Amino acid sequence: MSAQIPISTFKPYQGEKARLARAYDYLILVLALFLFIGSFHLHFALTVGDWDFWVDWKDRQWWPLVTPLIGITFPAAVQAVLWDKFRLPLGATLCVAALLIGTWVTRVFAYHYWNYFPINMVLPATMIPGALVLDTLLMLTNSLTVTSIFGGAAFALLFYPTNWPIFGMFHQAVEVANSQLTVADLFGFQYIRTGMPEYLRIIERGTLRTYGQYATPLSAFCSALLCSLMYPLWWHIGKWFASTRYLTKI
Amino acid sequence: MATTSEDIISTQENAPSLPWYLIDLPKYLKGFGVLTVIYVSLRLYQGAFAVAHGLDSTEPAFEQYWMRLFYIELAVIAAVASGFWGYLWTTRDRTLDQLEPKEEIRRYFTLTMWISIYTFAVYWAGSYFAEQDNSWHQVAIRDTPFTANHIIEFYFNFPLYVILGGCAWLYARTRLPLYAKGISLPLTLAVFGPFMILVSVGFNEWGHTFWFREEFFAAPIHWGFVIGVWFALGVGGILLQGVTRLIELLDKIEDAE
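Residue numbers (the working numbering), protein chains in the order written: chain F, -18 to 231; chain Z, 91 to 347.
Hints were generated in silico from the structure; no laboratory data involved.
Quantities reported herein were computed from a predicted structural model and do not represent experimental measurements.
Please note that the accuracy of each hint is not assured.
Stated by the list, open to error - Derived lysine to any residue pairs resembling SDA-like cross-links, with alpha carbons at most 25 angstroms apart:
#1 Z:K342 / Z:R263
#2 F:K230 / Z:L260
#3 Z:K271 / F:Y227
#4 F:K66 / F:F131
#5 F:K230 / Z:E194
#6 Z:K342 / F:A(-1)
#7 F:K(-2) / Z:P116
#8 Z:K120 / F:R3
#9 F:K(-8) / F:M120
#10 Z:K117 / Z:A270
#11 F:K230 / Z:W179
#12 F:K230 / Z:Y261
#13 Z:K271 / Z:L189
#14 F:K66 / F:A(-1)
#15 F:K(-2) / Z:L112
#16 F:K(-8) / Z:R196
#17 Z:K117 / F:L10
#18 F:K220 / F:I130
#19 F:K230 / Z:F285
#20 Z:K271 / F:L228
#21 Z:K342 / F:E(-3)
#22 F:K66 / Z:K342
#23 F:K66 / Z:L268
#24 Z:K192 / F:A(-1)
#25 F:K(-8) / Z:L339
#26 Z:K117 / F:A13
#27 F:K66 / F:I130
#28 Z:K117 / Z:I128
#29 F:K230 / Z:L330
#30 Z:K342 / F:R3
#31 Z:K192 / Z:R182
#32 F:K230 / Z:V289
#33 F:K220 / Z:T334
#34 F:K(-8) / Z:I337
#35 Z:K120 / F:L14
#36 F:K230 / Z:V333
Use the sequences and the hints to build the structure in full.
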C-alpha cells in the first residue's frame, strides 16, 4: 500500500479550505524548523564537531574539506522532498539556516555563558552562500546531475572564501614567548581544553605545509569532488526516508 | 462596577473562537510552554550547581545535587510515559470506519501538532544539550557516566523525546484510519530511529570505559547517535502521506466562506 499524490488538475482552494491549508503550512513550518535544528545539528556536531566549535581548529587542511562534505548531506536529502514533491527551492537554505540558529544558541549559552569560552573562540562557520547557490541551481536546472556536479562543487568551493571575512582576522600572526602563532592558536593555548592532545595530533599535519599557500585550495577542490558525490547519495537517502509506504507488520 | 451574567455571556459570544480544525491549538501551545519551562529550568540548574557540585562524583554533594535529580527524572519519565501512552491507548477510537472527513482532517492537524512537539523535544536533545555536552567535557574530566550534563541529556532529554515520538505514533495508530489499517513506514522510521539514539548511549559509555581522554566530538564512538538521527528524515514521508490524505478529504467536504 502506498500513498499517491493526485495528479488531477488542481484548483487553488478558496475560503475556509484556503485558510485550513495555510494553517497547515504554518504548523509544518514550526515542525520543520525544530526538526532540522535538532537533527541536522546533532549530525553536524558529531561529525564535523571540533572543526566547527573552535577557532583554532579551523585549519587549512581538514576544515575546508570536512565541513562542506558533511554540510551538504541534509540539504540534499531535504531538497529531494521539498523540490521534487512541493517545488519549493529552499531545502538547502532551510537546513543550513536551521543549523546556524542551533549552533549560535549553543555557542552563546553553552560555551560562553556556562563555561566562559570567549564567543570569538567558538564562532560557527557559515554555509549560507553555498546553500543559496545549491537551491538556485536546482531551481534553474531542475537537474540532479547538474546540481550534483556544479552545485556540489560550488557548495565546497564557496565555503572558505565566504568564511574568510569572519575568521580571517584570527589568522593574524603574533609572537608569543619567542614563537610565532596565529591569534587563533593563542586562543587555544590561553583557554586550555581537555581535548588539547587530540587537537595537537590532528590539526595541520606536517607534509602539506611545504605546499604553503596551496593547501587551502587543494582541500577545497578535494571537498568539491567529494561533495559532488555526496550530494546525489544523500538525495537518494532523503528520497528513501520520504517513503509513503504503509506496512502490514514491523 | 459589578460584572453581570449578561456581560459574561456577551463577552464569550464576542470572543474569537478557533476554527474546528485548530481545536487542539491551545493544548499544543501549552505543550511548547511546559517543555520550554522544563528545559530552561534544567539549564539554569546546571548553571547554578554544575561547577559548584558537579565536578567530582565521589563527593556527597554530587549525590545530593545530581544523583537526586537523576532519580527524580527517572520517576518523571516513568510517570509521563505510562500516563500519556496509557491515555492514548485506552481512549482509542474503536469506530474508525465511521469517521467523518472533517473529524479526520482535525485529527491530521492534531497529529501534526504531536509531531511538532516531538521535534521541539528533539531540538533540545539533539541541538542544545548535545553540543553543550562537548562544552562541559572540555572543561571537566569525566569520572562517571552520570555527569552534570549527561544526567539531563541522556537520562531525561532522550527518553522524553522518545516518549513524545511514541505519543505521535500511538495517536496516529489509534485515531487515523490509514495509520490503523497499515503501519506507516516513515512515521515508524522517524520515531524508532531516534529511539536508537537512546540505545546508543550504551555503546558510547561502553567506549568511554576504554577511552578516558576528553574528547574528540567527531570520533567514531559517537556515530551511533549520528545514524539514529538520520531517521528523522522520515518526517518528509509523513508530510507526503498527510498532504495526500488531506487533499482527498478536502475534496469530500463542502467549502465554507
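Hints, verified against the model:
1. Z:K342 / Z:R263: holds (22 angstroms)
2. F:K230 / Z:L260: With Cα atoms ~15 angstroms apart, F:K230 and Z:L260 stay inside 25 angstroms; holds.
3. Z:K271 / F:Y227: holds (8 angstroms)
4. F:K66 / F:F131: Holds - the C-alpha atoms of F:F131 and F:K66 are around 22 angstroms apart, at most 25 angstroms.
5. F:K230 / Z:E194: holds (23 angstroms)
6. Z:K342 / F:A(-1): Measuring from Cα to Cα gives roughly 15 angstroms; hence the hint holds.
7. F:K(-2) / Z:P116: holds (21 angstroms)
8. Z:K120 / F:R3: With Cα atoms ~22 angstroms apart, Z:K120 and F:R3 stay inside 25 angstroms; holds.
9. F:K(-8) / F:M120: holds (23 angstroms)
10. Z:K117 / Z:A270: Roughly 24 angstroms separates the two Cα atoms, so the pair holds.
11. F:K230 / Z:W179: holds (19 angstroms)
12. F:K230 / Z:Y261: holds (18 angstroms)
13. Z:K271 / Z:L189: Holds. Z:K271 to Z:L189 sits at ~14 angstroms (cutoff 25 angstroms).
14. F:K66 / F:A(-1): holds (20 angstroms)
15. F:K(-2) / Z:L112: Cα-Cα ~13 angstroms, so holds.
16. F:K(-8) / Z:R196: holds (22 angstroms)
17. Z:K117 / F:L10: holds (18 angstroms)
18. F:K220 / F:I130: This hinted pair holds, its Cα atoms lying about 19 angstroms apart.
19. F:K230 / Z:F285: holds (19 angstroms)
20. Z:K271 / F:L228: holds (9 angstroms)
21. Z:K342 / F:E(-3): Cα-Cα ~14 angstroms, so holds.
22. F:K66 / Z:K342: holds (23 angstroms)
23. F:K66 / Z:L268: Holds: F:K66 and Z:L268 sit about 21 angstroms apart, inside 25 angstroms.
24. Z:K192 / F:A(-1): holds (15 angstroms)
25. F:K(-8) / Z:L339: holds (15 angstroms)
26. Z:K117 / F:A13: holds (19 angstroms)
27. F:K66 / F:I130: Holds, because 22 angstroms separates the two Cα atoms, which is no more than 25 angstroms.
28. Z:K117 / Z:I128: Distance ~16 angstroms between Z:K117 and Z:I128 Cα, so the pair holds.
29. F:K230 / Z:L330: Holds, at about 21 angstroms.
30. Z:K342 / F:R3: holds (18 angstroms)
31. Z:K192 / Z:R182: With a Cα-Cα distance of about 18 angstroms, the restraint between Z:K192 and Z:R182 holds, given a limit of 25 angstroms.
32. F:K230 / Z:V289: With a Cα-Cα distance of about 23 angstroms, the restraint between F:K230 and Z:V289 holds, given a limit of 25 angstroms.
33. F:K220 / Z:T334: Judged against 25 angstroms, a Cα distance of about 16 angstroms means the pair holds.
34. F:K(-8) / Z:I337: holds (11 angstroms)
35. Z:K120 / F:L14: With a Cα-Cα distance of about 18 angstroms, the restraint between Z:K120 and F:L14 holds, given a limit of 25 angstroms.
36. F:K230 / Z:V333: holds (23 angstroms)
The structure is consistent with each of the numbered hints, conforming to all of them.
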